[in-house]
Amino acid sequence: MTEVIDTATAMGRPIRRKEDARLLHGQTNWTDNIQLPGTLHMAILRSPMAHARITNLDVSGALKMPNVVAAFGAAELGELNGSVPCVWPVTDDIVMPAFPALAVDKVRHVGDCIAVVLATDAVHAADALEAIQVDYEPLPAVVSMESAISEGSAFVHDDKGTNTCYVYNLGGGYDEAAAKADVIVKRRFINQRLIPAFMEPRCVVAAPMGMSDEITIWTSTQIPHVLRVLLALVTGIPENNLRVVAPDVGGGFGGKLQCYREEILVTQLARKLGRPVKWTETRSEDMVATHHGRDQIQDIEIAATSEGKMLGLKVTLLANMGAYLQIITPGVPLLGMFMYPGIYKMDAYDFKCTGVFTNTTPTDAYRGAGRPESTYAIERIVDELAAELGMEPMELRKKNWIKHEEFPFTTVAGLTYDTGNYEAATARALELFDYDGLRAEQAERRASGDPVQLGIGISTFTEMCGLAPSRTLGALKYVAGGWEHCTIRLLPTGKVELVTGTSPHGQGHETAWSQIASSILGVPVEDIEVIHSDTGRSPYGMDTYGSRSLAVGGQAIKKAADRLVEKARVIAAHQLECSVEDIEFVNGSFRVKGDPEKAQPLGAVAFEAFTGHNLPPGVEPTLSAEATVDPEDFSYPHGTHLAAMEVDTETGKVKLRKYVCVDDVGVQVNPMIVEGQVHGGLAQGIAQALYEGVIYDEDGNLKTASLADYLLPSAMDLPSFITDTTVTPSTTHPLGTKGVGEAGAIASTPAIMNGIVDALRPLGVNDVTMPAAPMTVWRAIQAAKAGGAA
Amino acid sequence: MHISVSVDGTLYEADVEPRTLLVHWLREGIGKVGTVVGCDTSNCGACTVLLDGRSVKSCSVLAVQADGSSVTTIQGLSDGNEWHPVQTAFKECHGLQCGYCTPGMVMSTVDLLSENPNPTEAEIREGLEGNLCRCTGYHNIVKSVAYAAELMGGSTK
Numbered sequence: 001m002t003e004v005i006d007t008a009t010a011m012g013r014p015i016r017r018k019e020d021a022r023l024l025h026g027q028t029n030w031t032d033n034i035q036l037p038g039t040l041h042m043a044i045l046r047s048p049m050a051h052a053r054i055t056n057l058d059v060s061g062a063l064k065m066p067n068v069v070a071a072f073g074a075a076e077l078g079e080l081n082g083s084v085p086c087v088w089p090v091t092d093d094i095v096m097p098a099f100p101a102l103a104v105d106k107v108r109h110v111g112d113c114i115a116v117v118l119a120t121d122a123v124h125a126a127d128a129l130e131a132i133q134v135d136y137e138p139l140p141a142v143v144s145m146e147s148a149i150s151e152g153s154a155f156v157h158d159d160k161g162t163n164t165c166y167v168y169n170l171g172g173g174y175d176e177a178a179a180k181a182d183v184i185v186k187r188r189f190i191n192q193r194l195i196p197a198f199m200e201p202r203c204v205v206a207a208p209m210g211m212s213d214e215i216t217i218w219t220s221t222q223i224p225h226v227l228r229v230l231l232a233l234v235t236g237i238p239e240n241n242l243r244v245v246a247p248d249v250g251g252g253f254g255g256k257l258q259c260y261r262e263e264i265l266v267t268q269l270a271r272k273l274g275r276p277v278k279w280t281e282t283r284s285e286d287m288v289a290t291h292h293g294r295d296q297i298q299d300i301e302i303a304a305t306s307e308g309k310m311l312g313l314k315v316t317l318l319a320n321m322g323a324y325l326q327i328i329t330p331g332v333p334l335l336g337m338f339m340y341p342g343i344y345k346m347d348a349y350d351f352k353c354t355g356v357f358t359n360t361t362p363t364d365a366y367r368g369a370g371r372p373e374s375t376y377a378i379e380r381i382v383d384e385l386a387a388e389l390g391m392e393p394m395e396l397r398k399k400n401w402i403k404h405e406e407f408p409f410t411t412v413a414g415l416t417y418d419t420g421n422y423e424a425a426t427a428r429a430l431e432l433f434d435y436d437g438l439r440a441e442q443a444e445r446r447a448s449g450d451p452v453q454l455g456i457g458i459s460t461f462t463e464m465c466g467l468a469p470s471r472t473l474g475a476l477k478y479v480a481g482g483w484e485h486c487t488i489r490l491l492p493t494g495k496v497e498l499v500t501g502t503s504p505h506g507q508g509h510e511t512a513w514s515q516i517a518s519s520i521l522g523v524p525v526e527d528i529e530v531i532h533s534d535t536g537r538s539p540y541g542m543d544t545y546g547s548r549s550l551a552v553g554g555q556a557i558k559k560a561a562d563r564l565v566e567k568a569r570v571i572a573a574h575q576l577e578c579s580v581e582d583i584e585f586v587n588g589s590f591r592v593k594g595d596p597e598k599a600q601p602l603g604a605v606a607f608e609a610f611t612g613h614n615l616p617p618g619v620e621p622t623l624s625a626e627a628t629v630d631p632e633d634f635s636y637p638h639g640t641h642l643a644a645m646e647v648d649t650e651t652g653k654v655k656l657r658k659y660v661c662v663d664d665v666g667v668q669v670n671p672m673i674v675e676g677q678v679h680g681g682l683a684q685g686i687a688q689a690l691y692e693g694v695i696y697d698e699d700g701n702l703k704t705a706s707l708a709d710y711l712l713p714s715a716m717d718l719p720s721f722i723t724d725t726t727v728t729p730s731t732t733h734p735l736g737t738k739g740v741g742e743a744g745a746i747a748s749t750p751a752i753m754n755g756i757v758d759a760l761r762p763l764g765v766n767d768v769t770m771p772a773a774p775m776t777v778w779r780a781i782q783a784a785k786a787g788g789a790a
Numbered sequence: 001m002h003i004s005v006s007v008d009g010t011l012y013e014a015d016v017e018p019r020t021l022l023v024h025w026l027r028e029g030i031g032k033v034g035t036v037v038g039c040d041t042s043n044c045g046a047c048t049v050l051l052d053g054r055s056v057k058s059c060s061v062l063a064v065q066a067d068g069s070s071v072t073t074i075q076g077l078s079d080g081n082e083w084h085p086v087q088t089a090f091k092e093c094h095g096l097q098c099g100y101c102t103p104g105m106v107m108s109t110v111d112l113l114s115e116n117p118n119p120t121e122a123e124i125r126e127g128l129e130g131n132l133c134r135c136t137g138y139h140n141i142v143k144s145v146a147y148a149a150e151l152m153g154g155s156t157k
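The listed protein sequences correspond, in order, to chains A and B.
Following full-length UniProt numbering, the numbering of the first sequence begins with 1 at its first residue and continues without gaps.
Following full-length UniProt numbering, the numbering of the second sequence begins with 1 at its first residue and continues without gaps.
Simulated from the structure, these hints should not be mistaken for laboratory data.
A couple of the hints might just be wrong.
Below, simulated DSS-like cross-link-like pairs (lysine-lysine); rule was C-alpha separation at most 30 Å, straight line [claimed, not checked]:
1) A/Lys785 <-> A/Lys653
2) A/Lys658 <-> B/Lys91
3) A/Lys495 <-> B/Lys91
4) A/Lys18 <-> B/Lys91
5) A/Lys160 <-> A/Lys106
6) A/Lys399 <-> A/Lys345
Just the calculated beta-carbon pair ranges, DEER-fashion [said to hold, decoys possible]:
7) B/Glu82 <-> A/Glu444: 30 to 38 Å
8) A/Asp699 <-> B/Glu17: 31 to 39 Å
9) B/Glu126 <-> A/Val586: 50 to 58 Å
10) A/Ser212 <-> B/Asp67: 42 to 50 Å
11) B/Gly53 <-> A/Leu763: 48 to 56 Å
12) A/Thr731 <-> B/Glu115: 50 to 58 Å
13) B/Glu115 <-> A/Gly481: 53 to 61 Å
14) A/Glu444 <-> B/Glu126: 27 to 35 Å
Please read these numbers as outputs of a predicted model, since none were measured by experiment.
In this text, a Cβ means the ideal position worked out from N, Cα and C, and glycines have one as well.
Working from the sequences, and respecting the hints, build out all of it.
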């Protein structure tokens, strides 16, 4: 075992980020900053219709426009028109339609790609789109999921003869459990469609490099490694001739976890034309062409005894795939499938999900990917059950949650939660929130008939993160693994290169990974360079999504660092002329046990390994170590989130007055970064509850197609948050860490909505649809007055 | 059309198409790629620069409108080794994650504090309403602005 040094330990400290200097001085390398000589700029003609047959497409007009070098429709592109891949065929009989990068004969959603123009500058490329002739024969647009699967609906994919993509079942036994129940509560929740809306629009540059057969692709992606494999498979370009680089990437939230048609087109056209090709999306393109998230209709049923013991849960989902399947579109609801029972003990669980095609933008992962949907459903229905039983909602939770002494606990969904302490997190949250005080104020406002009512929203959540044990992914028919890689090289000057397979886009890996390595190697954080996001420099990796980077990548860092120390120990022992067993490693230095004066710093060992002048027999020059780690299990962060909601019962206006959360993400590498991740997640989860929601009209036109129409919250729309943590180390992770990237987004949405419903429950309201805009809330109040509640 | 604009202390003479937006000229005309584009509806504020000392969204100004003016971008706020107090405060308070909104956020903050050196939290939130961030939930951005005010000799109320 490697000793973890105790002085200058970097782990657990809120070290300010290495990344910030360049980001704060504008010395960044966004993909759109890349300007290669001879670049052709690509502009895309997109479908203005949700569903139509293309009866005529003529790109020749564009070729007569100034500065235009080439133009392609599907016919002109021919075999280079690759199909966007889906790597998660969730069932044996899943319907998997073709998804050509440029639409062939038919368009299936507003924003579908029809043709491209390449010009010497972006402005002339965009101008030339006007000169392309297209004739459309409009077809009936299939917009809502329920109409899509009803008799007589038009088909999104005629050749498939159905709009059902798949049906997935898990569990069983709910009916028997329900038969024993005193109370059964049923609700239909709409988990509305959202847009990731990362701040940096997508951009791709592909260039044949000239010195070899290599094509380099710079792209604003979360997954350079996965993308390289997929682009090789889609384009037929040998994988060893592809280098994928994700330069500075401005946010992703799952939206850049993709192999996009634009990435395929730019790669193919650079190859065909033999010169650099670049495409940068406009925000309006992003809204229709970047995959969307969520979009489920959830029929939830919970059965319990009159004392409040939960017996069973039944979940029936319609999940909107959109018009095509992208990288993990069908699998997203299954990432939530295991988490509907949440933190609660019960006897039975039935799950059924139907994936549905519609003439809308494809859906895929968005921060939390399946788990926000499941957490919303369970935490909302638990509040409804409490109301039905006349129980205090926190008391109902306490009665049913897994107690800390019961871990490890295998849930009714079949997952084994290794550890947790819901009692501790809840106790701390109640204290910070002044729960009793706010309940008292609520009672006063109710008694006085205050037009502004106060509601308290609770969300006691857990999630599974750290994707993922490869064997589990295989069992779920996901075609790739879930491991992560790290190589650590000690350079002759004592500096360290840490090569990771994770691919950060705001998470601060350069800082946090240095902290982990520093704490093991005893090398200062600033002497460690983290190399990432470039398949040329970091050949192995599975990238960043699903709160996996620390939970999985962190394990690889630890293992590689431990191995490096063991290799160096052998050299140090040789130099110190003693046996390996007599060497201890303290604060970055190898010392002879009992004689600390005889010591060899790690840097000196590195130089020795470089010169090779005096190495022990059988030891090769250079000093590096690598590790590829497949996680033993998922990790299960949890927490208690509380929201105080003021609701004006006369106008429907909602105000988030106070938000408290206590999360348990296990051991923290950098608490400052952890807190920042929680804040950002909260903002996105709260925004789902209060502000954001995609709207399509009945013809499939996206009505929320710009940031003027889709309400991303500003600083005015959110409060400051009160956050804290408890620390229950993960027992399946060698560092005791869990994951934090998605926690806030998963937990906060039901807290907000439970608070709004709690405020209005005396008025007879028992659900409010999201986003809870004033008009929606006001209508819920009016419907309840008219006796229309569920 | 011919324009003459001082950007980060250097005088540039250029011919631009009348329709060219200031942000595109900054990025593509003179390589000031520290200033970025985040939307096409003037909602996000990522492209905010100072035009004659006041913050503007450079996507809503034509390059020709900047003729004869002085522009300061994130790249001219301080030289490479020195840090403007607003930059220091954003680092110290973890007011950025991916960093894409940061150039605009920092430039808006500089303007906000020049107008109101002692802003309350509510005034900070209102002052930054035109700048969107998707990473931080604004919590630490608000703290950064308050701390910047402190560093610059003001004190937040």
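Quick rundown of the hints versus the structure:
1. A/Lys785 <-> A/Lys653: 17 Å, holds
2. A/Lys658 <-> B/Lys91: Cα-Cα ~26 Å, so holds.
3. A/Lys495 <-> B/Lys91: Within the cut-off at roughly 24 Å; holds.
4. A/Lys18 <-> B/Lys91: Status holds; Cα separation ~9 Å.
5. A/Lys160 <-> A/Lys106: With Cα atoms ~14 Å apart, A/Lys160 and A/Lys106 stay inside 30 Å; holds.
6. A/Lys399 <-> A/Lys345: 9 Å, holds
7. B/Glu82 <-> A/Glu444: 30 to 38 Å: 55 Å Cβ-Cβ, so the 30 to 38 Å window is violated.
8. A/Asp699 <-> B/Glu17: 31 to 39 Å: For B/Glu17 against A/Asp699, whose Cβ atoms are near 36 Å apart, the range 31 to 39 Å holds.
9. B/Glu126 <-> A/Val586: 50 to 58 Å: 54 Å, holds
10. A/Ser212 <-> B/Asp67: 42 to 50 Å: 46 Å, holds
11. B/Gly53 <-> A/Leu763: 48 to 56 Å: 52 Å, holds
12. A/Thr731 <-> B/Glu115: 50 to 58 Å: Check passed, 54 Å falls within 50 to 58 Å.
13. B/Glu115 <-> A/Gly481: 53 to 61 Å: 54 Å, holds
14. A/Glu444 <-> B/Glu126: 27 to 35 Å: 31 Å, holds
In this structure, only the earlier hint numbered 7 is contradicted, and the remaining ones agree with it.
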